[in-house]
Structure formats: C-alpha cells, structure tokens
Amino acid sequence: MLDLFLTFLKIGAFTFGGGMVMIPFIEQDAVNTFGWLTNREFVDAIAMGQITPGPVIISSVFIGYKVAGVLGSVIAMGAVSLPTFFYSIAAAHQLHRLKGNLRVRAFLKGVGPAVVGMILAAGFTIARAALVDIWTGILALACLMALVRFKVDASLVIVAAGGIGFFFL
Amino acid sequence: MDHSNEKPEALEPPGLLQMAGVLLKVGATGFGGAMPILALVHDDYVEKRHWVSQEAFDEAVMVGQIMPGPIAVDAVTHMGYRLRGWPGAVVSVIAFILPPFLFMLALTLVYLRYGGVPQVAGIFKGLGAGVVAIIAAAAWRMGKPHLRNVRTASLMVAALLALLLLKANVVLLVLLAGLAGMALFRKPADLQQDPKGSGPRAMKGGAN
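In the order they appear, the protein sequences are chains A and B. With my numbering applied, the first sequence covers 80 to 248. With my numbering applied, the second sequence covers 3 to 210.
For reference, chain A alone in the conformation it holds in the complex (with noise of 0.2 Å):
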C-alpha cells in the first residue's frame, strides 16, 4: 500500500507535459517492477480511461483497485493529485516568475521532446500487447488515419474500435 502510494505520488511529481506522459511511468513501475497488472490490463486500463470523462490519469484508479480495493483506487488517486495540487498553487505564487523565465523554458524545452521519445517507447509495448492479430493491425491503422487525418475526435475513435471490437473480433 505504501509502494502504491509512493508510486503515484511519483507518477504526479515528475510527468510533465500532461496525462499521456504518464502511460511510460505507470508502464516502469506497475507492470516491470511491481508487476500490478499485466501488459494486457495495462492496455485496457488506459482504454477505460478514454472511455470515461475526465484525465487520463483516471485510469490510476484501476490500478489501486487491483492492488488494494476501493481504498487502493482512492491512494492513487491521492496520491497522483497530490503533487498537482501544490504545484498549481505555489505556481499562483510564482507566476510572474515562471513566465519570463528563461532556465524554466529552457528546461521544458529539453523535456518536450523526450517525453514524446518516452511515450513512443510505452506505445512500442502497448502495441505488442494490444495487437494481437491482423484485424486489430487494421484497426488501429484506420483509427490512426481518422484521428490525424480527418481529425475525428479521440472520444468518438475509441468508442467505435469498442463497438467494431464487440462485433467483430
């Protein structure tokens, strides 16, 4: 229970860039180190948190529930806003600070595109988990083509794999 809620306390504190940057922490930490849940409830656990309103981090409830219950959903949960939380407001202290600075920009100039290597690096696995055959091949190829191509939102593109998914595969 400590681990869980030193893990996302983690996963709170260091994914700059948004919510997608989280799938490469969570990937290290809950599947290869703790072994929480398998590459396949990874995968699905992220599908869950598409399908649901609200952040992707979302999908940190499903992993405290594995671990710990309802309790554990609520830890992680936590524990992954915590860091968030007093992040924003010292930055309400700061902000004038923060928006001239030169180090800070200069800093998250370096980490913009490293976590996008990292996020590469997290689908490479999610791919070999989640693609299981041709069709699902296919599919992700045309759910790709309508979310860059003809700018079909994520929302509506993961509802429909679902849908195709219960009928066909």
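No lab work stands behind these hints: they were computed from the structure. Predicted model, so just to flag it, every value in this text is computed and none were measured. Heads up, the beta-carbon is just placed ideally off N, CA and C, and yes, glycines get one too. Check before you lean on any hint, since a few could be wrong.
Unchecked claim - Heads up, incomplete: computed chain B residues facing chain A, CB under 10 Å, no partners named: (1) 20; (2) 22; (3) 48; (4) 81; (5) 82; (6) 113; (7) 122; (8) 129; (9) 153; (10) 167; (11) 177; (12) 188.
Since chain A is already given, all that's left is putting chain B on it; use the hints.
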C-alpha cells in the same frame, strides 16, 4: 447575455458550491483530453459566468502546461486557488476528479468481473487497437513541432532509445532531458514561443 467583450470589472467571484457544481458537470461530461475539457471550463468560467478574465484563464492553462500532472487538473486547481484560496483549490480538485473517479471505479468492477466473457474481451480487443492509435496520434501531435529542430529531434530519439533499449529510469530521463535543455538552449532566440499555440481551442481533438 453573452458578451465576450465584457469589461474586467464585471468579474464576479463564485461561491464554493457554485464552483463545485460547474466542475462536477465538467468532470462528468468532459471527454477527449485536456484541451477539449478546458474548452468546457472556459465556456463556464470565462464566457457564461465571468468568474475569471481571459488573461487569467490563459495563465492557468500555461500553469497546467508547465507544471507536472494532468493539464486540466492543474489549471482548474490553480483557478480555484486564485478565486477562493485554499478551500477553492480543495473543492476544485475534488469536484473535478469525483465524477470520472466514480465512472472509472464502476468500469473497473465490471471489467474485473466480466472481462473474460468473449463479447467483452472482443470490446477490449477493439479498444486496445484504438488506444494504440490514440497514443500514436498524441505522439505525432506533440512531436511534430520538435522535428523541425535538430537538437529537439535528437533529444526525442535519445529518450525513445534509452527507454526502449536500455530500460532507463523514467524520472532520471525527464531530469536529464531538462538539464540537456538548459545546456542546449541558452540563447533567448532558442526559446522563441513555440508555434503550437496554447489556447484550449488551438489543440482540440487531442487525447491527453
């Protein structure tokens, strides 16, 4: 009654309950990642209710992008604090997280109970393919601006390989990349505003 050119004096700070009500609603209906969710918050906070000015809202979005953690949660907590102090921040984060938390908990229970049923497994096969696409699309959207510059492009590839091949520690990677950024981008010219734009409208349709 919807004048978008309202003067700043017209701002009316909300009560805690009012704020909780709006955030519960946004939390329950906000799909598709940080920017579409923030667009909903913008509708209520800035346009309909005049709780915060456009400038303060933009600052909150910037805070969300700079600070770790989900962008929308950061921004909402930050505005809650500026409007009503600590109680405002606490109420904001709880009201915003509660609806998705309950949805997710319900889904988790259903999944753990019926995940093995063939039809349900089929749904998740489909969803999994969708997730791969969403991650790839997010990487594409977030990565495109970095491809134009050799230094940022190299950082991206380096992080990808370090994680994929060396299984490097993610926290260490983030810190190293930040330090590399501080070493590489010393001149103000290196830090020209990113062209991606930061308003909630600018990045619709992404999944964060």
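How the hints compare with the structure:
no.	hint	in the structure
1	20	violated (20 Å)
2	22	violated (15 Å)
3	48	violated (18 Å)
4	81	holds (9 Å)
5	82	holds (9 Å)
6	113	holds (7 Å)
7	122	holds (8 Å)
8	129	holds (4 Å)
9	153	holds (9 Å)
10	167	holds (9 Å)
11	177	holds (8 Å)
12	188	holds (7 Å)
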